[in-house]
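With the hints as your guide, set chains B, C and D onto chain A.
Protein chains: 4
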Amino acid sequence: MIKVGIIGATGYAGGELVRLLLGHKDAEIVWYGSRSYVDQKYASIYQNMFQLVDANCMDDNMEALADQADVIFTATPQGLCASLVNEGILSRTKVIDLSADFRLKDVKVYEDWYKLKHAAPQFLDEAVYGLCEINRDSIKGARLIANPGCYPTCSTLSIYPLVKEGLIDPATIIIDAKSGTSGAGRGAKTDNLYCEVNENIKAYGVASHRHTPEIEEQLSYAAGKPVVLNFTPHLVPMNRGILITAYASLTKKVSYEDVKAIYDQYYEDEYFVRVLDKDICPQTRWVEGSNFVDVNFKIDPRTNRVIMMGAMDNLVKGAAGQAVQNMNLLFGEDEAEGLRMAPIFP
Amino acid sequence: MIKVGIIGATGYAGGELVRLLLGHKDAEIVWYGSRSYVDQKYASIYQNMFQLVDANCMDDNMEALADQADVIFTATPQGLCASLVNEGILSRTKVIDLSADFRLKDVKVYEDWYKLKHAAPQFLDEAVYGLCEINRDSIKGARLIANPGCYPTCSTLSIYPLVKEGLIDPATIIIDAKSGTSGAGRGAKTDNLYCEVNENIKAYGVASHRHTPEIEEQLSYAAGKPVVLNFTPHLVPMNRGILITAYASLTKKVSYEDVKAIYDQYYEDEYFVRVLDKDICPQTRWVEGSNFVDVNFKIDPRTNRVIMMGAMDNLVKGAAGQAVQNMNLLFGEDEAEGLRMAPIFP
Amino acid sequence: MIKVGIIGATGYAGGELVRLLLGHKDAEIVWYGSRSYVDQKYASIYQNMFQLVDANCMDDNMEALADQADVIFTATPQGLCASLVNEGILSRTKVIDLSADFRLKDVKVYEDWYKLKHAAPQFLDEAVYGLCEINRDSIKGARLIANPGCYPTCSTLSIYPLVKEGLIDPATIIIDAKSGTSGAGRGAKTDNLYCEVNENIKAYGVASHRHTPEIEEQLSYAAGKPVVLNFTPHLVPMNRGILITAYASLTKKVSYEDVKAIYDQYYEDEYFVRVLDKDICPQTRWVEGSNFVDVNFKIDPRTNRVIMMGAMDNLVKGAAGQAVQNMNLLFGEDEAEGLRMAPIFP
Amino acid sequence: MIKVGIIGATGYAGGELVRLLLGHKDAEIVWYGSRSYVDQKYASIYQNMFQLVDANCMDDNMEALADQADVIFTATPQGLCASLVNEGILSRTKVIDLSADFRLKDVKVYEDWYKLKHAAPQFLDEAVYGLCEINRDSIKGARLIANPGCYPTCSTLSIYPLVKEGLIDPATIIIDAKSGTSGAGRGAKTDNLYCEVNENIKAYGVASHRHTPEIEEQLSYAAGKPVVLNFTPHLVPMNRGILITAYASLTKKVSYEDVKAIYDQYYEDEYFVRVLDKDICPQTRWVEGSNFVDVNFKIDPRTNRVIMMGAMDNLVKGAAGQAVQNMNLLFGEDEAEGLRMAPIFP
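Protein chains in written order, with numbering that gives the first Met the number 0: chain A, 0 to 345; chain B, 0 to 345; chain C, 0 to 345; chain D, 0 to 345.
Same shape as in the complex, but just chain A (with noise of 0.2 Å):
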């Protein structure tokens, strides 16, 4: 039995964690840890755990969750982990961090762009960058797991083929992201209040959101250069999902099968990522609930351009289920395990 510590237990992250760690079959939750609820039954505010959880919520101890865990989850805010993570909790368990704090190589672009001072700058280089099915073999044998965010989870994984094979030119991607309302937290604001969500879209943080340097960084690597790209995600009247829509030039003439048999290539062994069938657009409803990431293009050739799209379940592989992932690759256990259920629908 894997035991596992969370800190932030009681936001919509650390919920799905919760949800997800009980459905596995070697995990055992040790520590909900929530400091607005201290010593309130964990069912009293996710009731959906009523008779499934009958932990209490407890402080952010890292000292002694270091002691009682195999490994820490931080689904917390940015710069909290930062503050707590030092040599000592790292020598005796694993930390997986759900916030941004480890997310990004160079600490000027994170504090640039977060406007925080990063509180443990000595661990980037450590840090590995958690997403799966690019970084697996680096995970297995890390200590600290910066889990990636849900935004460049999904975009990196819908476009990272083509960049990667030079069919696309990286300065001309754009990236229009869509993302229901979990992801905004669970934090009392007015302008997340039912009321203001409904029956609204909206873009926020154009040309300054803080996953543009993540997916930045990533595509990146795959470019072998550095990459600069339009992001801009906008606010959904649903619970759960993230749509990518990404445009970008090719960088030559291309058929559908040449495109779709380089997606098959990274893709066709990985399980969490679908490649749909020719002209099925991936849609929110059709990973809800699940771990999986739907993606598929269409070449415009009136263009050139190519229409990558990508949909996922915020919560989970943007979040709680690649945590999970990660933890399975760390402690050896089968990747898929407690990550297999079907999506749900409607």
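Don't take every hint at face value.
[To be verified] Result set (BS3-like, lysine-lysine): computed pairs, CA atoms no more than 27 Å apart in a straight line:
id : chain 1 : residue 1 : chain 2 : residue 2
1  : D       : Lys40     : D       : Lys188
2  : A       : Lys297    : D       : Lys188
3  : A       : Lys2      : B       : Lys24
4  : D       : Lys277    : A       : Lys188
5  : B       : Lys24     : A       : Lys24
6  : A       : Lys297    : D       : Lys107
7  : C       : Lys40     : B       : Lys114
8  : B       : Lys188    : D       : Lys40
9  : D       : Lys163    : D       : Lys104
10 : A       : Lys114    : D       : Lys24
11 : A       : Lys188    : C       : Lys224
12 : D       : Lys224    : A       : Lys252
13 : C       : Lys252    : C       : Lys224
14 : C       : Lys2      : C       : Lys24
15 : C       : Lys40     : D       : Lys107
16 : B       : Lys224    : C       : Lys104
17 : C       : Lys40     : D       : Lys297
18 : C       : Lys297    : D       : Lys252
19 : C       : Lys224    : B       : Lys252
20 : D       : Lys24     : C       : Lys2
21 : C       : Lys107    : B       : Lys297
22 : A       : Lys224    : D       : Lys252
23 : B       : Lys297    : C       : Lys188
24 : C       : Lys277    : B       : Lys188
25 : C       : Lys24     : D       : Lys297
26 : C       : Lys24     : C       : Lys139
27 : C       : Lys139    : A       : Lys40
28 : A       : Lys163    : A       : Lys104
29 : D       : Lys224    : A       : Lys251
30 : B       : Lys24     : B       : Lys107
31 : C       : Lys116    : C       : Lys104
32 : A       : Lys24     : B       : Lys2
Note that these hints are calculated values from the structure, not bench results.
Just chains B, C and D now, with coordinates in the frame of chain A:
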């Protein structure tokens, strides 16, 4: 391995059966029946099953099915199961009917409310009403299970103990029910279009809904005399979930503790019925995707009535989940096999 | 031109007042009160008013307001209006209070249900309950109007005629109400976040909601004796709309035509109350954005009960629209001025 | 009084025409055309119009209509208007066609994209594209107005000024559009059922949507040369609203103020186009129910692109509202008559 055939696999209840059975360790679906989509890939209709289900849809050949399947689920319109079932079928396989054909013992009541001639009244006596928490023992030996309706499941489980114990006057029972839209099925009707359902609530079938006699029959067994009641369903703009709010006059002065003790007596050993803590109202979000029914009550001393509430997922405990629970009972499986997933939130 | 001041102009009811008054040919808003946003552009808070409203938000200075406004709308939390109003104010201006401060004639009932000390009980006798269809004449000469609550408006209009005419037994009345989320206000609370409300339905305030005594008081006037009833509100995932489904036992044998004649007698000359055709159930989508209340009923001979239904827009007839209707009556305007817009669908 | 006939009065755009024209002081609807519901009460189909519209639905008799109506709105499927219009009709009445039949000047482009033979190409030259803010003067004298598509209205108004002024390279334009579900019409299709649309987002018509050539044609006029672009629509779970997010490369170094000045130059005298303040992103909720288009932009110096955004109500400015605006221009009315209602929120 239990070999399972599904007739009506592309309706919402049929799709949910597929989702649940994929997670069942001892069941294998051998027949995806769907007259509308014969020979088409099942996963091309329910794209969530892409790469999970490879089979094509098949026609409704009950004879062939009886040879291949240990159990047949009929998730079909009223009248179909009754027209297909016969002694030859039942001697070879089990049938779990998700339609209303075998729920009412009195053929006249069926024909009055459903405006259909019953094609197989000779099996009404034999059929067992598959409300597992009430009829567990009879279910185990049955050949033909009448899987309960969604509203009757939620209503009966919420009200049954207080009727049975004589705490409420059955003549005063009023059930005001609210359902998500998946209950209306996947047929293409203007009334069920997104723009017609969204931003709307309405009552329908007022004083005439066909689940009324089904609830009345079950509560009559509890009361030991005929029960006539009001049942009013409402359509709510959400995919899943049923909430019932029921009212009845108390027959004697009782305390919270008295009533709570009765609910506990009936349900404390029931995994799928959760009696909530004092003053916690059932909400559909806390049971979504799961087989749980959450029930609770509130005494109003001003009017001497008790308000009984129940929430469940109409596609799980209200249809496919209970059908699987029945299958587990029929085949001697752990009753909760394939049904232990925690509710999904948000 | 009627000069209008609004206190609480940035709540949902306040915003709706602004929307309606912009379309009123004889009214001009001179004061957009909002303590939370003093000196900020009103249109920066309610961006729908960009280029339509140029004013800034102002503080709650009742004295200054009384000098500048012919009528003051208080769309504020319970207790505020009572704490601000006094003889000096009422001698200079009219007050239409959208809170509950002056709706209940018995100060003790107010203090019991609202858990507040009433700051101005001396005006309770004078205040007129502004349910226009019932109290039209008294409203015309009033200084202080208690604008009815949303649930009480819909409930009373749906039930009043049958109580008044003695057709139903008031002791058997049960009201099961469903409301869109704008009724919960614009305060930033976790419970009202998009992901908490969406895909969910729940009862709240069971046997304890503060609109209960308000409905009881109005129906007591109709009954000529005290009425005690059950009222259960539910929160529905939609922005606007209230539907009430009410149940009561008939006191005598009546036909559809008998009951219809009574509703017609009360409402056939009322522009804003529409008695629907036989078997047409009220739906909130058919009244959205308008001041209409749609009512209808169904007799259930099996139980000898009548089911009464009413639908309206909680922000219009349930708040701002009725407030404007009251203003029209106070100032001798056409009662429907500014309120003739057809419902918006879809 | 302008006598108005509507063909297709029971579709969503037709219903919206009725709503708007009821509030128009100089228009009267004399013909509610709806082939599907001939002789049925219009208000029995659109129950919001109960007691507001007394008329029955009528068949599509264009000859009779031309005698009775000063203007005919055709809110009908592609091809129908072209098949009905002729010189005799146009010599007697004005026609405002809400379908695509007369939007594209090149009959071959129409037939390629719409897969239809055009039945009246002889009127293509004469027809005026009714984008009021661009073609106001030509509209005034027209007999036949091609009312613009929803996506083209929002896209063209958002992008046109920067193309016209040469600030962006037209070859780089990418439009990512998002629409509410009323845009899909009222036909009973499985894909548009509540449970299929709710909790989902998807792209559709990728690189093949029929509004593409319409946008290209309009922007070509601005560019003075053919424009080819990418246009990707998405279906959003909400009733109303279109948001477009458009991307293009800047042709020179410009400041925020430079670009703002250009938008202001085109729109500061336009009542229905609102150029928002700096950094305020258009949102569909702020225009719902109104004829406004809210536009804004953001320069991204990192990529040298500008992101242009526009939001409007697809049924108002994107269909019925613009049609009424065109009618006002045709008949010398105040252009905003019947269209001054403020957006409804929430």
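Structure-based check of all given hints:
Of the pairs offered as hints, the one joining lysine 40 of chain D and lysine 188 of chain D holds, with about 24 Å between alpha carbons and a cut-off of 27 Å not exceeded. Distance restraint check for lysine 297 of chain A and lysine 188 of chain D: the Cα-Cα separation of roughly 25 Å lies within the 27 Å cut-off, and the hinted pair is therefore satisfied. Taken as a hint, the lysine 2 of chain A and lysine 24 of chain B pair is honoured in the structure, with Cα atoms around 25 Å apart against an allowance of 27 Å. Among the hinted pairs, lysine 277 of chain D with lysine 188 of chain A is consistent with the structure: their alpha-carbon atoms are about 22 Å apart, no more than 27 Å.
Taking the CA atoms of lysine 24 of chain B and lysine 24 of chain A, the gap is about 13 Å. The hint holds against a cut of 27 Å. The suggested pairing of lysine 297 of chain A with lysine 107 of chain D holds, with an alpha-carbon distance near 24 Å, which does not exceed 27 Å. With a C-alpha separation of about 62 Å, the suggested pairing of lysine 40 of chain C with lysine 114 of chain B is violated against the 27 Å cut-off. Proximity of lysine 188 of chain B to lysine 40 of chain D is assessed by CA-CA distance (about 20 Å); at most 27 Å being required, the pair is judged to hold.
About 20 Å separates the Cα atoms of lysine 163 of chain D and lysine 104 of chain D, which keeps this hinted pair within 27 Å; it holds. Between the alpha carbons of lysine 114 of chain A and lysine 24 of chain D the distance comes to roughly 55 Å, so the proposed pair goes past 27 Å and is violated. Taking the CA atoms of lysine 188 of chain A and lysine 224 of chain C, the gap is about 46 Å. The hint is violated against a cut of 27 Å. About 25 Å separates the Cα atoms of lysine 224 of chain D and lysine 252 of chain A, which keeps this hinted pair within 27 Å; it holds.
Proximity of lysine 252 of chain C to lysine 224 of chain C is assessed by CA-CA distance (about 23 Å); at most 27 Å being required, the pair is judged to hold. The hinted pair formed by lysine 2 of chain C and lysine 24 of chain C meets the criterion: a straight-line CA distance of about 12 Å does not exceed 27 Å. Between lysine 40 of chain C and lysine 107 of chain D the alpha-carbon distance is near 51 Å, which puts this suggested pair outside the 27 Å criterion. At most 27 Å may separate the alpha-carbon atoms for a hinted pair to count; lysine 224 of chain B and lysine 104 of chain C exceed this at roughly 46 Å.
For a cut-off of 27 Å, the pair hint linking lysine 40 of chain C to lysine 297 of chain D stands: about 22 Å separates their Cα positions. A C-alpha spacing of about 70 Å is found between lysine 297 of chain C and lysine 252 of chain D, which places the hinted pair above 27 Å, so the restraint is violated. Distance check on the hinted pair: lysine 224 of chain C and lysine 252 of chain B sit about 25 Å apart at the alpha-carbon level, within 27 Å; holds. A distance of roughly 25 Å separates the Cα atoms of lysine 24 of chain D and lysine 2 of chain C; the hinted pair therefore holds under the 27 Å criterion.
At roughly 24 Å between alpha-carbon atoms, lysine 107 of chain C and lysine 297 of chain B fall within 27 Å of each other, so this suggested pair holds. At most 27 Å may separate the alpha-carbon atoms for a hinted pair to count; lysine 224 of chain A and lysine 252 of chain D meet this at roughly 25 Å. Taken as a hint, the lysine 297 of chain B and lysine 188 of chain C pair is honoured in the structure, with Cα atoms around 25 Å apart against an allowance of 27 Å. Distance check on the hinted pair: lysine 277 of chain C and lysine 188 of chain B sit about 22 Å apart at the alpha-carbon level, within 27 Å; holds.
For the hint pairing lysine 24 of chain C with lysine 297 of chain D, the CA-to-CA distance comes to about 39 Å; that exceeds 27 Å, so the pair is violated. Simply put, lysine 24 of chain C and lysine 139 of chain C have alpha-carbon atoms about 19 Å apart, close enough for the 27 Å limit, and the pair holds. Under the criterion of a C-alpha separation no larger than 27 Å, the hint pairing lysine 139 of chain C with lysine 40 of chain A is inconsistent with the structure, at around 55 Å. For the given pair, lysine 163 of chain A sits about 20 Å from lysine 104 of chain A by alpha-carbon distance, which is consistent with the 27 Å threshold.
This hinted pair checks out: lysine 224 of chain D and lysine 251 of chain A have alpha carbons roughly 25 Å apart, not beyond 27 Å. Annotation: proposed proximity of lysine 24 of chain B to lysine 107 of chain B is violated, straight-line Cα distance about 41 Å (limit 27 Å). As the CA atoms of lysine 116 of chain C and lysine 104 of chain C are separated by approximately 14 Å, the hinted pair is consistent with the 27 Å bound. A distance of roughly 25 Å separates the Cα atoms of lysine 24 of chain A and lysine 2 of chain B; the hinted pair therefore holds under the 27 Å criterion.
Against the hints set out earlier in the document, violations occur for numbers 7, 10, 11, 15, 16, 18, 25, 27, 30.
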